[in-house]
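There are 4 protein chains.
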Amino acid sequence: MRDIHAMSPERGRMRLRSVGVSGIRKPLTVQRPEGTHTLAVTFHVSVDLPSERKGSDLSRNAEILAEAVDETTTRPVEGLESACSAIARELLVRHPYATEASVEASAEYFLRKGVSEEKRSFEDYTLIAEAHASRGPEGLVALARAVGAEAVGMTACPCAMETCRDRLTREFPMLASPELKDLPMITHNQRNHTRLVFEIPDASDVEVDDLIAAIESAQSSPTYAILKRGDEAQVVLDAHRHPKFVEDVLRDLLAGLPGRFPDVPDATTVRASTVSEESIHKFNVEASHQVTFGELRRSRGR
Amino acid sequence: MRDIHAMSPERGRMRLRSVGVSGIRKPLTVQRPEGTHTLAVTFHVSVDLPSERKGSDLSRNAEILAEAVDETTTRPVEGLESACSAIARELLVRHPYATEASVEASAEYFLRKGVSEEKRSFEDYTLIAEAHASRGPEGLVALARAVGAEAVGMTACPCAMETCRDRLTREFPMLASPELKDLPMITHNQRNHTRLVFEIPDASDVEVDDLIAAIESAQSSPTYAILKRGDEAQVVLDAHRHPKFVEDVLRDLLAGLPGRFPDVPDATTVRASTVSEESIHKFNVEASHQVTFGELRRSRGR
Amino acid sequence: MRDIHAMSPERGRMRLRSVGVSGIRKPLTVQRPEGTHTLAVTFHVSVDLPSERKGSDLSRNAEILAEAVDETTTRPVEGLESACSAIARELLVRHPYATEASVEASAEYFLRKGVSEEKRSFEDYTLIAEAHASRGPEGLVALARAVGAEAVGMTACPCAMETCRDRLTREFPMLASPELKDLPMITHNQRNHTRLVFEIPDASDVEVDDLIAAIESAQSSPTYAILKRGDEAQVVLDAHRHPKFVEDVLRDLLAGLPGRFPDVPDATTVRASTVSEESIHKFNVEASHQVTFGELRRSRGR
Amino acid sequence: MRDIHAMSPERGRMRLRSVGVSGIRKPLTVQRPEGTHTLAVTFHVSVDLPSERKGSDLSRNAEILAEAVDETTTRPVEGLESACSAIARELLVRHPYATEASVEASAEYFLRKGVSEEKRSFEDYTLIAEAHASRGPEGLVALARAVGAEAVGMTACPCAMETCRDRLTREFPMLASPELKDLPMITHNQRNHTRLVFEIPDASDVEVDDLIAAIESAQSSPTYAILKRGDEAQVVLDAHRHPKFVEDVLRDLLAGLPGRFPDVPDATTVRASTVSEESIHKFNVEASHQVTFGELRRSRGR
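Chains as they are written, first to last, in our numbering: chain A, 97 to 398; chain B, 97 to 398; chain C, 97 to 398; chain D, 97 to 398.
Any given hint could be a false lead.
Since the list gives no way to pick one copy over another, a pair counts as held whenever it fits inside one copy or between any two copies.
[Stated by the list, open to error] Simulated pairs of lysine to any residue, SDA-like, Cα-Cα distance not exceeding 25 angstroms:
id : residue 1 : residue 2
1  : K324      : S313
2  : K209      : P361
3  : K150      : E213
4  : K209      : Q386
5  : K277      : R113
6  : K324      : R266
Source of the hints: derived by calculation from the structure; they are not laboratory data. Since the structure is predicted, the reported quantities are computational estimates derived from the model, not experimental observations.
All chains should be modelled from the sequences, with the hints used to inform the complete structure.
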């Protein structure tokens, strides 16, 4: 029987950048200081394909995932990122004709948080991990990897707050009184999704909980499942005392990174993006940026 | 060659309630007073299947849609709802073994709206239409139909507004002054999706623009694409002067229907639902109800 | 400070059928014979709202979920269905003004399966559970519950198989030879999603793994992550030896239930639906039915 | 009243790459030789933001879209791509502080197609257009643009076809007969989504219908809404006579481009990707590539 994959392509004998499987779901068991977690992960794994080969042996991708991921139910791994790195390396081993291997993974992640200790509840976040393995001239494999997170929080618009203050002061002249100078004003607020990914050149470790903390501190306020009346007022007040455009969320997030992550090397690239689902519009407002830790450190203080 | 569909089922010789095609997209051209519109419609059409028949002739469903919908590019129809009714009747003609035929359709719909005449812009809504045809004892076909719409607007929470007022008054005692009694207070606001569907027993007509107007008047405020600074303040102010729970949106919507639709018969069933994408939570808040126009009319005034 | 929720509604003083929270994600830890699993569950929980009350105390819903679900990390529960029943009962306790409480839950679920023992891998399924609690005249709470599953498999069309056989026999007369009578013929095949839900009147237990097995046996073939070349041929061959319309999947599934679930009471209602994402069309083909176990048992043998 | 957007950012005084609005839906009326079409378009429009400015004037983006798109109901434009170019240029005019402006648009598109002239029906496709305007040193604006399409068709796996032939020949030795050498064998087939985008450096025109034709000719077979029995056999047969991996779809598509588009300049970059929703797996198989027309032309013949 002929090996159809190993045959030459009939037409278009060119190398293809990426061939793989996507949307494959797997439970990954992770060992954490406080116990084991199971993450339900969506994987996209792929390799390049040389010009002389008709097909990529995709069943090997499913086998690698079964070995690297399914087996964690009995042998938990350190984290999603380390699993991705191991999978990327293994892809090059089992696709000997390939020179590039990519793994992209995302998973829902629960953290217990709350406005106060006794009102903590599981809040859901998204974890992101990527690994890219390249086969070099003498068979040496170089590994690039990324780790990230996405958190949902809240923003309050600083512009509408200003125009509402102006307009209400005409209607309620008492608002001009110095005693009410710091009274928080009405504005529109929205559900905000912010994503932060670090492309880390070496083996430095980044804790995803720290990424989530960085994001939540840059939004107008984090949000919580359990909010009794007083708590709700507190969250609303916090958000209105930190009114932010998506531009502010992004800059505050980026400006705070050097202080929060002193050990991350300068060569690390940061990808950050934020989306506010506007309450006063039917569409969203977005901002995104990409910058290195070195650039962030040099621009600090400005 | 055997007609596989017309054969007897090998197992489970029972009548099936519904067999059909879903997710089929078609452009429907509609004649309106101001010109023709093209709606991109998603159809789900189905019939029942008698116990003695293995399969439903599904290619007929695609043919009916091609005739009833594709042809509207040259012969526009009156509306989405009348197209659904025609399709439902035709389903029974071409599936002579069927006694029930259902058509569900939804389409995006654009209306030019704005905070003022010169700031109008196309806003997007969803149209809903359903038709159900039943073959009666002497071959007479009874038709039940529904028409509906969904609109996205804004809500402002009345509860957080009260707790924020209470809390801020302690911090800013001047807020207790009678002059500031009507000062709108901060709260959280959210993107709200509200849906209204009328199941109309006879040929009475309902204008979808009137359904959309009813929904938008029940939300804390409609939302718009074009909002210059002063407009934004106006929309925020309107929303905060009409703070509403989803419960309020639903009740205000339903309570207003008898006045807005005096000609809709008592036997008409109303299905209404509303979802607020909370800005202070990562989840949504919902309310839904079902009631007849007769019940709404009798409960009026309470 | 006024309790805004407990106030009377300003307009539309009518009882509302359902007010609650949706899209809330929670990790539920389940104790199974082989160990604990964590399910990432999407919950929709709601209660009715009496006419004299403006708002439902929705923060209680989040508290109940935090107690009933978050706590399972240390005290695992028996299953998703029992968690839903407990939540439905608790909703009536904490919403004393409500008479109806509903819980709908769905979760991804992984099972290790394979074409053979050594090629097993985690395959993903969907679990469904519902519970509805009603407060009766003397405060007695009646509980209705449902448990279900959805599985993705494969179908092969029996009609195109017949027309292809007819057509190919004209081109290849040797196909008419009796030796090739059972040769499986080409047709189109598709990814199929089938859902099976039991509405169980009492405390009888149903194993979701049995629901999944029932679904997979009714599709043309189950599908697997790991398929080496010979396995792939086996799955393709199995599917083509069991060509099925969606109608056949549904009837075979329903007809097999009395034999697979001898202990499920006659009063149990079965809801079954199946969707094939057609490979020869851009749209889907669907069938659905609803029937009681009693009806299925009486119609057996036909 | 202060202009909040024009203020300096409090923290993170850095230029941001992209700030804009996304998910905004608009009806665009296009003049075609055969009449006017209305496309329902999703736009993402953005500009960069200099370091000294707190916010981007996002209401201008909505105004530009209202002028450039809403007005096409009375003054149709040539195409989605030309509308995007005009919007990108106008973004730089109205955001004088910006140096980069991006527009990404996608729209559903209907074309009448069929297995034969009398069985034509509207089939749905996706159009893609992008425009990127850059302000150069002397205020000159450079424009880069892209145009693309996505089509859904069908693939049949060549590998499973080979393994099934091998296996069935052992069971049915007559299959080894030379008369049956070309008999199409069973395999698995799937719904395939293929996307083709041209990044065109100058004003050369590309017809989207030609992009769609290129994609459909590279899949195992196009798919259609109306397929009577004989037609269904024809499509199945065509697909099985052109079995293709996603790798083959991609290479056949790319290899055919120089012949189909002789006038597209060498500097044009082609982005192509294809996804097959596997019927024998619960996940998808994907391939993607990026190459210039110059490279495609030079590699031709190989």
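Here's how the hints hold up against the structure:
Proximity of K324 to S313 under the C-alpha cut-off of 25 angstroms is restricted to the intra-copy arrangement: shortest distance 22 angstroms within a copy versus 29 angstroms between copies. For the identical chains of this complex, K209 and P361 are neighbours neither inside a copy (30 angstroms) nor across copies (44 angstroms), given an alpha-carbon limit of 25 angstroms. Taking CA atoms no more than 25 angstroms apart as the test, K150 paired with E213 passes in neither setting, with 59 angstroms inside one copy and 30 angstroms between copies. Neither within a single protomer nor between protomers do K209 and Q386 lie at most 25 angstroms apart by alpha-carbon distance, with minima of 29 angstroms and 37 angstroms respectively.
Taking the shortest Cα distances, K277 and R113 never come within 25 angstroms of each other, neither inside one copy (59 angstroms) nor across copies (35 angstroms). In this assembly of identical chains, K324 and R266 lie within 25 angstroms of each other by CA distance solely across copies; the values are 19 angstroms between and 34 angstroms within a copy.
Of the numbered hints listed earlier, those contradicted by the structure are 2, 3, 4, 5.
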